[in-house]
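> Sequence:
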Amino acid sequence: MGRYEKMFEQLQLRHQGAFVPFVTLGDPTVETSLSIVRTLVESGADALELGIPFSDPIADGPTIQASAVRALDQGVTPGACIELLSQIRGEFPEIPIGLLLYANLVAANGIAPFFKRLGRAGVDSVLVADVPIFEAEPFVTAAAARDLATVFIAPPNATEERLRQIARMTSGYTYVVARAGVTGVDQQLQLNQTNIFSFLKDTGAPPSLVGFGISTPEHVRQVLAAGADGAISGSAVVTLISRHLEDVSHLKKELGVFVKQMKAAT
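Mapping of the sequence shown onto this note's numbering: residues 2 to 267, in sequence order.
These aren't lab readings, by the way, just hints derived from the structure by calculation. These figures come from a predicted structure and were not determined experimentally. A portion of the hints provided could be inaccurate.
Across the chosen pairs, the derived CB separations fall in these ranges [to be verified]:
#1 ASP74 x ALA109: 16 to 22 angstroms
#2 ASP131 x ARG39: 27 to 33 angstroms
#3 ASP131 x THR78: 15 to 21 angstroms
#4 ASP248 x ALA113: 38 to 44 angstroms
#5 ALA108 x GLY257: 36 to 42 angstroms
#6 ALA145 x ASP248: 42 to 48 angstroms
#7 SER56 x ARG147: 23 to 29 angstroms
When the alpha-carbon atoms are kept at most 25 angstroms apart in a straight line, the in silico DSS-like pairs for lysine-lysine are as follows [unchecked claim]:
#8 LYS264 x LYS254
#9 LYS264 x LYS7
#10 LYS253 x LYS264
#11 LYS117 x LYS7
#12 LYS202 x LYS264
#13 LYS261 x LYS7
C-beta: ideal position from N, C-alpha, C; glycine also.
Work out the full structure: start from the sequences and follow the hints.
What follows is the structure, given as structure tokens:
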């Protein structure tokens, strides 16, 4: 049984949903990034969704774009991120670790070699955000060879046929977006297709985590009530990081409070 399966099984036994924070690796520095991840896990995160900084993150809004720029300005490379992932896995052997990536990062040095490095680093899943599912077979094949789950996004406007295709090809978990557009913090959740969760379950898709706009405990409660198995929060977490770049101690305190509140809502 993989880490995601164990996580969802254990959460179900406790009648809880999953809370999964997202951060960009290397933001604002590699050293601080590791400290941030430690805080997220120790404060109650059920899994991690991490990004490798990229110059053109087209699925991300300005908050996460800025985090990638900060990391790139520090000279953070994919290789440095993979070393950081290995260290995170060594410290937290049980927590599921997912990566949100872009195709150029994966293909630059070959899909199979890159996924091999990720597998060795202890990564559990990869979501290549700008690869449409009808072009994803090379990524799925290379990931499977390294026991990496491949995650696909189920958008709010997806047809039933497309959702069935996503269900067939997705493993680990299913990333359901709460709204169209890019990542960002929403004041009110725009979950406009609540029946998507029951449909995905009926088609055999892995458990659903909802992202894009999740920024408050109430948002977490809403997506769980709608039928999701958990929530991913990125921009809200990265916003906290951006506000406390010069005071890591205060940053860790604020992150700890946020994660505990979000996890309590599950």
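> All hints are to be evaluated individually against the structure, with a verdict given for each.
Results of checking the hints against the structure:
Taking the beta carbon of each, ASP74 and ALA109 are about 20 angstroms apart, inside 16 to 22 angstroms as hinted. Between ASP131 and ARG39 the beta carbon distance is about 30 angstroms. The supplied range of 27 to 33 angstroms therefore holds. Remark: the range hint 15 to 21 angstroms for ASP131 to THR78 is upheld by a beta-carbon distance near 20 angstroms. Here the CB-CB span from ASP248 to ALA113 is close to 42 angstroms, well matched to the stated 38 to 44 angstroms.
Here the CB-CB span from ALA108 to GLY257 is close to 37 angstroms, well matched to the stated 36 to 42 angstroms. Hint check: ALA145 to ASP248, Cβ distance near 43 angstroms, so the stated range 42 to 48 angstroms holds. For SER56 and ARG147, the hinted distance range of 23 to 29 angstroms is satisfied, since their beta carbons lie about 26 angstroms from each other. For the suggested pair LYS264 and LYS254, the alpha carbons sit about 15 angstroms apart, so the restraint of at most 25 angstroms is met.
With a C-alpha separation of about 18 angstroms, the suggested pair LYS264 and LYS7 falls inside the 25 angstroms cut-off, and the hint holds. Taken as a hint, the LYS253 and LYS264 pair is honoured in the structure, with Cα atoms around 16 angstroms apart against an allowance of 25 angstroms. A distance of roughly 23 angstroms separates the Cα atoms of LYS117 and LYS7; the hinted pair therefore holds under the 25 angstroms criterion. Proximity of LYS202 to LYS264 is assessed by CA-CA distance (about 23 angstroms); at most 25 angstroms being required, the pair is judged to hold.
In summary, the hint linking LYS261 to LYS7 is supported, as the alpha carbons are separated by about 21 angstroms, within the 25 angstroms threshold.
The structure fails none of the hints (numbered hints given earlier).
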